[in-house]
Amino acid sequence: MTARGACLAVLLTVSALQLASAAGEASPPASVAHKRASFGQQQVSSEVSGLAAWILHSADNQGMPFMIVDKVNAQVLVLDKDGQLKGVAPALLGLAPGDDSTPGIGERKLSNILAHERTTPAGRFVASLDRNLHGVEILWIDYATSISLHKVVKGTPREQRAQRLSSATAADNRISYGCINVPVSFFDKVVSPAFTGTNGIVYILPETRTAREIFGSYDVDEAAQALAPATPAPAPAAASRGQRAVQ
Numbered sequence: 004m005t006a007r008g009a010c011l012a013v014l015l016t017v018s019a020l021q022l023a024s025a026a027g028e029a030s031p032p033a034s035v036a037h038k039r040a041s042f043g044q045q046q047v048s049s050e051v052s053g054l055a056a057w058i059l060h061s062a063d064n065q066g067m068p069f070m071i072v073d074k075v076n077a078q079v080l081v082l083d084k085d086g087q088l089k090g091v092a093p094a095l096l097g098l099a100p101g102d103d104s105t106p107g108i109g110e111r112k113l114s115n116i117l118a119h120e121r122t123t124p125a126g127r128f129v130a131s132l133d134r135n136l137h138g139v140e141i142l143w144i145d146y147a148t149s150i151s152l153h154k155v156v157k158g159t160p161r162e163q164r165a166q167r168l169s170s171a172t173a174a175d176n177r178i179s180y181g182c183i184n185v186p187v188s189f190f191d192k193v194v195s196p197a198f199t200g201t202n203g204i205v206y207i208l209p210e211t212r213t214a215r216e217i218f219g220s221y222d223v224d225e226a227a228q229a230l231a232p233a234t235p236a237p238a239p240a241a242a243s244r245g246q247r248a249v250q
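In case it helps, this note's numbering puts the sequence shown at residues 4 to 250.
For the record, the hints were derived by calculation from the structure and aren't laboratory data.
From the three backbone atoms N, C-alpha and C, an ideal C-beta is built for every residue, glycine too.
There may be inaccurate statements among the hints.
As the list claims (entries may be wrong) - Using C-beta positions, here's what the derived DEER-type ranges look like: (1) Asp175 <-> Leu117: 18 to 26 Å; (2) Ala171 <-> Ala118: 42 to 50 Å; (3) Ala174 <-> Gly66: 18 to 26 Å; (4) Glu162 <-> Ser195: 22 to 30 Å; (5) Thr172 <-> Gly138: 33 to 41 Å.
All chains, please: the whole structure from these sequences, using the hints.
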C-alpha cells in the first residue's frame, strides 16, 4: 500500500484546481480595507492571528472559506470567507517535524517510508471535499503529495490516536504519515459544511521557516502605517527675545 492509500484508503481522483500557490514576496494592496479575522473567545497564536489578518487584507483567500493548520500547537481552525471563526479542533499530524514532502512519497509503499519522511508540508493549498471508495468524506489538500484532512482513523492499538487527540498537550499529536486527522464531530459539523459546494484555501503554517517565506505574507499593521499619509510636523513656535539671546 502506498502513502496515498494509507491516508485515504484508496481515494478517488480529485479536481485539478487543487494547486499549491508559488511562494513569493507579496506587496500589500494600497486600497484594501484593514480587515481582521474574528476568533471570538478562542485564544490563538500570534502566527495564526497574523496570517489571518494578512489573508483578509490581501484577499488571498479569493472570497472562499479558509482553514489554518497550526502545526506547532497541533490545531485546526476553520473560518468563513469573511474571517469569522466557524470552529477549532486539535489535530494529529505527520510524525516528523518539517515543512516539505519527500518527492514522490505518495507513490511509495509504506514500508519504504522512513520516520523522518513522515511530514505534514507547509504551504497554501486549494482544497475540496471528496469521497473514498467506501463513501467516506475527506478533504483533499494536496493530491500530489497525498495530503488530506479526514476524520481520525483507528490506526494500530499502540498509536492510540483517539487518546492523543483528547490529551491536553500537543506534544503527542505527531503520529501520522502526513495526513491531518481531526475529531469526527469536528469534520462533520465544521469542515464538511464549510467546504460543501465550494473549494477553500488551506494554509498549513511552517514550523522550521517563517510564514513570510512560505506565503509571501506581510505584517498588516506595518502595511497600514506605510500607506497612511504623512502627518505634517507642526510649525515651530516663535521664540521670545530672551530665548534668541541664548541660542
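Comparing the hints with the structure gives:
Judged by the Cβ atoms, the range 18 to 26 Å given for Asp175 and Leu117 holds: they are separated by roughly 21 Å. Restraint check, Ala171 to Ala118: a C-beta distance of roughly 25 Å breaks the suggested window 42 to 50 Å. For the hinted restraint 18 to 26 Å between Ala174 and Gly66, the CB-CB distance of approximately 37 Å leaves it violated. For Glu162 paired with Ser195, a C-beta distance near 25 Å keeps the hint of 22 to 30 Å intact.
Roughly 34 Å separates the CB atoms of Thr172 and Gly138, a value that falls within the hinted 33 to 41 Å.
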